[in-house]
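Chains as they are written, first to last, in our numbering: chain Z, 5 to 170; chain Y, 759 to 1564.
Wrong hints could be hidden among the right ones.
What the hints assert, rightly or not - The list that follows gives simulated cross-link-like pairs (lysine-lysine, BS3-like), each with its CA atoms no further than 25 Å apart:
hint, chain 1, residue 1, chain 2, residue 2
1, Z, K159, Y, K792
2, Y, K959, Y, K944
3, Z, K159, Y, K781
In short, the hints are calculated from the structure, not lab data.
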Amino acid sequence: MAKTQISMTVNGQSVDALVEPRTLLIHFLREQLNLTGPHIGCETSHCGACTVDLDGKSVKSCTVFAVQANGANIRTIEGMANPDGTLHALQEGFREMHGLQCGFCTPGMITRAYRLLQENPNPTEEEIRLGIAGNLCRCTGYQNIVKAIQYAAAKLSAAPVQEAAE
Amino acid sequence: MNDMTPTSAERAEKLEGMGCRRKRVEDIRFVQGKGNYVDDLKLPGMLYGDFTRSPHAHARVKKIDTAKAAALPGVVAVITAETLKTVNLAWMPTLAGDVEMVLADGKVLYQNQEVAFVVATDRYVAADAADLVEVEYEPLPVNVDPLKAMAPDAPVIREDIKDKTEGAHGPRKHYNHIFNWQAGDKAATDAAFAKADVTIKEMIVYPRVHPCPLETCQAVASFDKITGDLTVWGTFQAPHVIRTVASLISKIPEHKIHVIAPDIGGGFGNKVGAYPGYICAIVASIVTGKPVKWVEDRIENLSTTAFARDFYMDTEIAATKDGRILGLRCNTIADHGAFDACANATKWPAGLFSIISGSYDIPAAHVSVDGVYTNKAPGGVAYRCSFRVTEAAYAIERAMDIMAHKLGMDPAEFRMKNLIRPEQFPYTSTFGWVYDSGDYQTALNKVLEAVDYKALRAEQKAKQEAFKRGETRELMGIGVSFFTEIVGAGPSRNCDILGIAMFDSAEIRIHPTGSGICRLGTKSQGQGHETTYAQIIASELGLPAANITVEEGNTDTAPYGLGTYGSRSTPVSGAATAMACRKIKAKAQMIAAYMLEVHDDDLEWDVDRFRVKGNPERFKTMTEIAWAAYHEVPPGMEPGLEAVNYYDPPNFTFPFGAYVCVCDVDVDTGATKIRRFYALDDCGTRINPMIIEGQIHGGLTEAFGIAMGQEIHYDADGNVTTASLMDYFLPTAVETPHWETDWTTTPSPHHPIGAKGVGESPNVGGVPCFSNAVNDAFAFLGSTHIQMPHDNWRTWAAADKLGLHG
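Make the full structure from the sequences, and use the hints.
Next up, the structure:
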């Protein structure tokens, strides 16, 4: 199948690649860029395991073509840690509050929570639950995920961190 | 010693041993997207496999034409049953003593059954080619109703065995019959019913559901034609069993097969069995000489690999009029689908279903289970429970409520009256199980007090009166459940899988500098084994948990074990870990005695060291002893400090718990809101309370999903109508209730550290608790039993049936 040239910024790095027009963004990220953090759980945009941040929005990359992301600025879980390599407050919060078990939903969940906190730095529990309703977890029952996001919100609001350049 | 010397308690705290809310080791990689799951694996030259599947639930396969698929650029091979026959793999044995088609051989028996396996250089090309395989079908009559499976004119599901009168578990009474299994004393039970004041009888259905872990089933097979070695990475809850089965059916010697289970994205029973996808990936790799990856999509997962339940339980209780249970009877039809691929211990076709007498002192009981074939997917796994335990718990706990209401007794009071009493432990149930330990009344009382049960019942009564007066359209339900599990399979006298006793193992090696590695036969799928096994070692050996690596899943390095399911890791491998530690500790004591120039008996253990009795300033720490083990062992002693233990438990363990659920039901919409859920679990000794609470949250959420909305549903033509997450209910953060957890601790007397297992308790106890709550809301209107799942539609329909809509 004929291929199309695309370019985008992924986790701060410029990427140029050739893809089939039908290649899904999740397959492009995982198989061509070897970013295997985002996962595939349902292929119907229900589970959110494939969530990435695309131009300031949470996007389920299993239902976006790679060509649609041409020119976009994308952040995956691999680009979530602080510039000095320490864990982002969300990553730390998920560990501190036991917000994960099998780890399969975690990259998508953290990436979604990152955008949620950008939009609403001090969400209530109800706002968090609604905000992550597009991301399914089969292990935790969400209660500790909510706490993890609250942990991060508290930490980030105590010491405001600039959003990394996009 | 001086004031700076840490006390025993301070030293113990630093170890992060048992009882510590230790943060998880695994999380460091998972929160950074650096987990290593099967689909993350990329090997040079790797090919991708995909299936052509049957659109029909039952049809003869007249012709398969693979020419167009094979001609597509990028396609390397197309495999059908005819190909598999050349290597005698068109059919494979199941764990339940049946055989199962790997690819359709002559006919298809359920929708989405595997018909052809296409192998290509790219996963998109493989999917394209799977669509190009042309199959000519002749549709056959379909039966998806297990209650009609043994009708005289029912469609013949299994032509290959239709004339066989004997199955793997005894006589067959119909061509769609698989087995009849019975337990208990039928005559005594009949006598109990004959003299009872009150009896109840209800067909309690536990519908077909699916574990649906977020990661589907997948594998990469790589056969090295030069060396003859086969390596298989896969989503395996039981990697050693997979290797043995692969060797038995492929005839490749077991030492030439290397099975590796990397990180697993949830299992819940879905990843215990062996599936056609694994076999086809292996065969394709042998045929092509290249690594072959097979990854299930969600529709394939929900419609083909490993359903659970599908039990139709006709349940009866007999009691005296003052509420003493005299007898229990349950006749069950079990729908096993088209092949009996049920994942049970081999000798137990209905698993441990005879735990159905539950937590109650019941003098007489009898159960009978008939397994039948239908045009549905095979499986029958224990979805977050020990084998068929959740079905048993659901039946008894629903039946208890039905009887309580008939007697006019409060459901909690009726339970309290019949609970096994503390002084009866170890308690031998009417079915012969020996419950290891329990203090049921304390647990139930604690929960009832915590939720102020009396006040809840008073509020419910007031609401019922208001409802009758037409002042509200909302009903309040209070669900009570008390469950006892039977987990930790298992004693080899009871349990084996294909003849392999269900022991498990731990192998511990302490390095010279006092750190170490522990390898086990189990396999974590999110349970946090890398964290918790190290805590057992920390407490047993006095070495910091942080200094212990825990490794599972590689059959070349891990000692043989039967894997992780049925809450067996802690009861079995946890015990093996403690026993291996004790071997190491015994040797360490001899080394310490030699170093301190005293007799072994003159030493006593103190957290992380052996010290001389009466002279605590003379001691050797485990770290010092580890070093000595590699350079100054006593004369005649082997150097090194390591041990292995294969643990065959003397009995199962019996975790228990008491749950209360409060819900509000809108009778006009059927919408149900869980107002409160309080869960008290007793899992014996608690290794990591943080992980226990997390497991309970997760198990309750799965129970909520099952009770309130999950069902793998088939229409009359055998079409699966719930095969994607559009139709199959997985709770989101919005619907999921807030969980309150509590505990009592009644250690198992036969387990080296007293632990019983916990991961499945909340599912076993949670499902009946939700269902009892919804049913309880309607009970005062004369309703006895509303079937699960309690989604809005069914709840509305139940209200409608009761005439509540005018």
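Handout entry: Earlier hints that do not hold, by number
Key = none
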